[in-house]
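Engineer: Using the sequences plus the hints, can you model the full thing?
Respectively, the protein sequence lines represent chains A and B. Per this note's numbering, the first sequence starts with residue 1, numbered consecutively. Per this note's numbering, the second sequence starts with residue 1, numbered consecutively.
Where hints are given, some of them may not hold.
[Unchecked claim] Below, a sample of chain B positions facing chain A; criterion: calculated Cβ distance under 10 angstroms:
| id | residue |
| --- | --- |
| 1 | V4 |
| 2 | R9 |
| 3 | Y33 |
| 4 | K41 |
| 5 | P69 |
| 6 | E84 |
| 7 | L90 |
| 8 | V96 |
| 9 | G106 |
[Said to hold, decoys possible] A few chain A residues that face chain B, going by a derived Cβ cut-off under 10 angstroms, partial list only:
| id | residue |
| --- | --- |
| 10 | M45 |
| 11 | I46 |
| 12 | R50 |
| 13 | T111 |
| 14 | K113 |
Everything labelled a hint here was simulated from the structure, so no lab data went into it. Computed from a predicted structure; not experimentally measured. Ideal placement from N, C-alpha and C gives every residue a C-beta, glycine not left out.
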Amino acid sequence: AQTVTQSQPEMSVQEAETVTLSCTYDTSESDYYLFWYKQPPSRQMILVIRQEAYKQQNATENRFSVNFQKAAKSFSLKISDSQLGDAAMYFCAYRDPINNDMRFGAGTRLTVKP
Amino acid sequence: ETGVTQTPRHLVMGMTNKKSLKCEQHLGHNAMYWYKQSAKKPLELMFVYNFKEQTENNSVPSRFSPECPNSSHLFLHLHTLQPEDSALYLCASSQVTGMNTEAFFGQGTRLTVV
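Structural biologist: Take a look at the structure:
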């Protein structure tokens with residue numbers, strides 16, 4: 001079974017600074033999708049960014065970008081110019097191409113300090 | 001608002017009670033999921049329905065019983081639960097085709113078993 005590991009239970013960043021959240025995963029597949037989700041205190045999981053394994057170019061969405069290292073099975077999220085509203089739980093997820101399941105990591109709680 | 005609605009938002013039940021969680025989506029998706037979210041643990045995928053057919057049961061105890069009467073509705077029937085079943089239960093939906101499609105989540109039901 002595929003596993004997704006987030007080794008940082010908690011992270012903090014100063015407002016306007018940059019922070020990187022780590023994620024590693026395990027798979028024997030060659031094509032798959034990876035996602036980062038944000039879960040604010042409202043509990044609603046919201047998609048932040050997605051990456052297709054076939055694409056070598058790292059995905060970018062405004063202040064959010066990823067560092068995708070396929071060989072290392074690493075998928076980190078970089079948040080630039082951090083804002084107070086970025087404070088939330090962040091989950092890394094892997095989409096299984098065989099059965100369409102989405103597997104999640106344990107999450108990283110991000111605190112943004114004013 | 002993601003288009004996925006879960007009710008109730010909070011539920012307290014005794015170990016001998018029978019209750020049901022409801023999930024509804026009007027996004028035209030054909031896959032629906034139940035996840036269990038416990039503190040400091042990865043989201044646990046419980047059940048997957050593709051086109052109303054259950055395609056995955058992740059070794060979930062029989063005291064949890066899913067039902068998917070149509071592609072827009074998903075239920076989780078609960079009976080004789082244990083205190084360790086207390087958690088946030090999240091419902092999600094997505095398109096089956098196209099791995100790049102993300103899962104859309106409801107706000108969850110916070111379940112407390114007493």
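Engineer: Does the closest beta carbon of chain A sit nearer than 10 angstroms to the beta carbon of V4(B)?
Structural biologist: 9 angstroms, holds
Engineer: Identify whether the interface hint at M45(A) stands, where standing means a beta carbon of chain B within less than 10 angstroms of its own.
Structural biologist: 4 angstroms, holds
Engineer: Min Cβ distance, L90(B) to chain A: is it shorter than 10 angstroms?
Structural biologist: Result: holds, 7 angstroms to nearest chain A Cβ.
Engineer: Restraint: K41(B) near chain A, CB-CB cut 10 angstroms. Satisfied or not?
Structural biologist: Hint holds; K41(B) Cβ to chain A Cβ min 6 angstroms, cut 10 angstroms.
Engineer: Quick one, is the K113(A) hint okay against chain B at 10 angstroms, beta carbons?
Structural biologist: 22 angstroms, violated
Engineer: Holds or violated: the hint that G106(B) contacts chain A, with Cβ atoms closer than 10 angstroms.
Structural biologist: 8 angstroms, holds
Engineer: The hint names E84(B) as touching chain A; please verify it with the least Cβ-Cβ distance against 10 angstroms.
Structural biologist: 17 angstroms, violated
Engineer: Does I46(A) pass the interface check with chain B, least Cβ-Cβ distance below 10 angstroms?
Structural biologist: 7 angstroms, holds
Engineer: Grab the minimum C-beta distance from P69(B) to chain A and call the hint holds if it beats 10 angstroms, violated otherwise.
Structural biologist: Violated. Min distance 20 angstroms.
Engineer: Given a cut of 10 angstroms on the nearest C-beta pair, is the interface hint for R9(B) held or broken against chain A?
Structural biologist: 9 angstroms, holds
Engineer: Does R50(A) meet its interface restraint, that is, does its C-beta lie within less than 10 angstroms of any C-beta in chain B?
Structural biologist: Holds, about 6 angstroms.
Engineer: Take the shortest C-beta to C-beta distance between V96(B) and chain A; is it under 10 angstroms?
Structural biologist: 6 angstroms, holds
Taken one by one, the earlier hints fail for this structure at numbers 5, 6, 13 and 14, listed in ascending order.
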